[in-house]
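**Student:** Spelled out, the chains give:
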Amino acid sequence: MSEAHHGALHLRVKRIEAVTPEINRYTFSAADGSWLPPFSGGSHIRVLIPFEGETRRNAYSLMSSPYDTSEYQIAVRRVEEGKRGSIAMHRDIREGDVLTATIPANLFPVSKHARHHVFIAGGVGVTPIYAQLDELSLKGSSFELHLAVRGPEHAALGHELRERYGDRVVLYGDGDGTRLNSHEILGGLPLGTHAYVCGPSRMVDDVIGAAHAHGWTDSHIHFERFEDLGSTGDPFSVTLARSGAVVEVSPEQSLLEAVEEAGHKLPYLCRGGACGECETEVLELEGTLDHRDDWLSESDRCTNKLIMPCVSRATCTKLVLNA
Amino acid sequence: MTAVSNPAGFTPDETYTPDGEYRFRNSREAVRRLPFPFPDDEYMYSMNLEPHVPAGAGALRAAFDVDEHYVSECAHRDQMLQEMPGVHYLALPHMMEAQWDLLELIFESYNRDFPEHFTLTRNGNEWRWQNRLLGIDDSFTFGDPDTLPMDPMEYATRQAQGEFVVLEERDNTLVIGAGMTTQRADYSLQFNLGMNFAEFHGPVPKLDKMGILDRALKFLLRMKPGHPVRRVNWSLTVHPRLETSVETLPDWAPDRAEVTAGNAGDMVYLRIELQPLHRLPRSNAIVFPVRTYLVSLAELVEHAPDWAKRVHRALASLDPELADYKGFHRYHGAAVAWLAQHDDGAPLAAGYPWYPEGIQPG
Chain A
1 MSEAHHGALH
11 LRVKRIEAVT
21 PEINRYTFSA
31 ADGSWLPPFS
41 GGSHIRVLIP
51 FEGETRRNAY
61 SLMSSPYDTS
71 EYQIAVRRVE
81 EGKRGSIAMH
91 RDIREGDVLT
101 ATIPANLFPV
111 SKHARHHVFI
121 AGGVGVTPIY
131 AQLDELSLKG
141 SSFELHLAVR
151 GPEHAALGHE
161 LRERYGDRVV
171 LYGDGDGTRL
181 NSHEILGGLP
191 LGTHAYVCGP
201 SRMVDDVIGA
211 AHAHGWTDSH
221 IHFERFEDLG
231 STGDPFSVTL
241 ARSGAVVEVS
251 PEQSLLEAVE
261 EAGHKLPYLC
271 RGGACGECET
281 EVLELEGTLD
291 HRDDWLSESD
301 RCTNKLIMPC
311 VSRATCTKLV
321 LNA
Chain B
324 MTAVSNPAGF
334 TPDETYTPDG
344 EYRFRNSREA
354 VRRLPFPFPD
364 DEYMYSMNLE
374 PHVPAGAGAL
384 RAAFDVDEHY
394 VSECAHRDQM
404 LQEMPGVHYL
414 ALPHMMEAQW
424 DLLELIFESY
434 NRDFPEHFTL
444 TRNGNEWRWQ
454 NRLLGIDDSF
464 TFGDPDTLPM
474 DPMEYATRQA
484 QGEFVVLEER
494 DNTLVIGAGM
504 TTQRADYSLQ
514 FNLGMNFAEF
524 HGPVPKLDKM
534 GILDRALKFL
544 LRMKPGHPVR
554 RVNWSLTVHP
564 RLETSVETLP
574 DWAPDRAEVT
584 AGNAGDMVYL
594 RIELQPLHRL
604 PRSNAIVFPV
614 RTYLVSLAEL
624 VEHAPDWAKR
634 VHRALASLDP
644 ELADYKGFHR
654 YHGAAVAWLA
664 QHDDGAPLAA
674 GYPWYPEGIQ
684 PG
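Protein chains in written order, with the numbering used here: chain A, 1 to 323; chain B, 324 to 685.
Do not take every clue at face value.
Covered by chain B, according to a simulated footprint, are these stretches of chain A (three or more residues, beta-carbon under 8 Å) [to be verified]: (1) 105 to 111; (2) 264 to 276; (3) 293 to 300.
Since the hints were made in silico from the structure, they are not lab data.
Using N, Cα and C, we set each Cβ at its ideal position, and we do this for glycine too.
Let's have the full structure, built from the sequences with the hints guiding it.
**Tutor:** Dropping the structure here:
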C-alpha cells in the first residue's frame, strides 16, 4: 500500500475531465503504482495545492468506489473568491502531475442502523454521496437521492448517478422547472430513515429545519461539516521566554511543530490536544488565543494563561510562552 | 491449528491454566523488552496516549507485537473458545465490514513486521495467508465470509496475540460491537457488548471527576486511519493466568487469598497491557487491542532490577481505591512487602523505557 502509515499520500493525476462548466473531475493513482489506502463512503482527503509560492490545503470528498483502491476521484468546483486553491487546481494542475494529499478521513459516514437512507444534495455537494451510494448499493441497502442543480449544463454528475441507480435518483432544476422541497421529501419517509445533506449552508440549514419540523431526532440527521481539525490557520509569532527566541508559526504548521523546527523542545505525547502533556504557560499576550484542544477547562481558557501548543494558535501581536 | 514446527526462539508448550499447572516463564530477553508502564515513582491514572510509531527494539518495534509466547498463547485461545463457546468471541451482525478491516490490519502488519513468520499475498481480492508459526496456508476471497472457515475476525485473532475489542462509531460515541477476549481482566464481553464509551468505563473510579473520559472520547473520535495511537495500562494478577473473566471468577478469585509476603515474588504477576488503537478504514470503526504481558515480581527482580524497584514504589504509593478497582487490594500489602526487600531507594530515571532517557531495566 502506498505509504499508508504516518505519512502523506503522493497522488499522480491520471485523468482530468470537465464534467460541468465549473467542475473538473480528477482521477488519481498512487505515484509509486501501489494500492491506495481503503476508505469508507463519505471520506475526504486534503490536497496540498501549490499556489503562488504558498500551499493551499483543500478538503475534497472521495467520489470513487471505496471498493476499488487502485484510484481515487475527486471533483473540484472552481471558486473565484476565497483562498483560490480551486483556481490553481483548474489552472495549473495537468495530467501526470504528482500532488501530495492526506490519508482519507471520514466526518460524514453512513449510519449502519438505518432502514432507509435519503440523501439531499446541491451541485458539487453530491461528491461524497457517490462513494456512499456505492457502499450502500453493494450492501443492498435502501436509499434515494434528491439532487438540485442550477441548470441542464450543470447536471452531468446527476445524469451519471441516474444511469447507475435509476429512479432512486431524482434531479431538480435540470431544465424542467422542478424545485427541491425538503419538507415534501422528508414528510413521507418511514421511521428508521436517516437523512444526509451536503450542499450550500442554506440548504443544510433548510433540511435540518425541515427534519426538526417533522419531528426527526438529531441522531438521524447527518450533514457534511468540513471543520478544520488540524492546527492550521493564520501565521503568528511566538517568543520563548527562556531562550528569548522568536519563532514564526506558518499557516501550515502547528505551534509545536514550529518550535521544534526552530530547534527547541516542548514536552508532548498525543499531539492531538487530548493528553495535556504539552500544556504551556502564557506569560504575555496581546491578542486572543485560539484554543482547539480538549484538555483545558472553560475556566482555564478564560484565564488566558495556558495554551496547548500541539493544536492551539493565537491571533496576536505578542505571545510569550514560559518555554 | 496446532503448531507444526518448533521455531527457534518460541516456547510452544506453555500453559496459562491451573490444569496445565501454569507452565509459563519469561526468558531474560522477554522481560527486558516489555512495554514497562511506570514512567514515575508515583502512579497516576491518565490517558498517556501517544502516536503509535515504532520505538526501540522491544515490544514497540511492530504495530502488533509478537513475542516468544505467541504459539502458546494461540493454543490457549483455542482452548478457551472450545471450553466456553459464545462467551469469549462475539460480533454483532453489522460489524462484518469492521471484521474484514481488522483481518487486513493484523495480517498486513504481521506480514510487514515479521516477514520471517508471516506472508500475505494479495491478488486483487484473492488473498493467500501463510502463517509459518502455526502451520497455516489458506487462500480466501477478501470480503466474502463464505471463503473462510469462520468469521474473519475470529480467523485473524485466533492467530494474534492479545485481545481485540471493536468499537463502532454511532451518535458521537463509541459502542462495543465485537470482541475476541480470551484474556479478559475481570469483565464480561457478553455484558458489555452494545455498551457505549461512558457505560463500559462506568466501573473505573474517579474518571468522571477528572474529566478524562470526555477528553479521551473526543480524541478517539478524531482518530484517522493510518494514524494509530497507543497507551499502556497495568494490573496485578495471581499466577500466570490470562483468562480472568467475570464468568470464571469463582475459579480464580480465591487464589488472591493465598498470597503472602513470603510467596508474592512467585505468585504475583505484573500484568502489562499495551493498547495500540487504530481507526479502521472501510467501517470507520476503532479497534481497541489489549496486548497482555505477564511477568512475575521475581522475574522482574532477576532480569530487570530497576523496573522492580519502580514497581515497588508505584505500588507503595498507590491510591487504595485504584488497588480495589484493579482487584488486588487483598494482596497489595504482600506484594509491596516482598518488593521492598529489593529496593535500595536509589533514584530512577523518569519516562517510559522506549525513550532513550526513560527508565531502563537495570
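**Student:** Look at each hint and say if it fits the structure.
**Tutor:** Tested hints:
As drawn, the stretch 105 to 111 of chain A meets chain B at 4 residues by the rule of a beta-carbon pair under 8 Å; at three or more, the given contact holds. For the stretch 264 to 276 of chain A, the stated coverage by chain B holds: 8 residues have a C-beta nearer than 8 Å to a C-beta of that chain, and at least 3 were required. Using a Cβ-Cβ cut-off of 8 Å, 3 residues of the stretch 293 to 300 of chain A lie near chain B, which meets the minimum of three, so the contact claim holds.
Checked against the numbered hints above, the structure breaks none of them.
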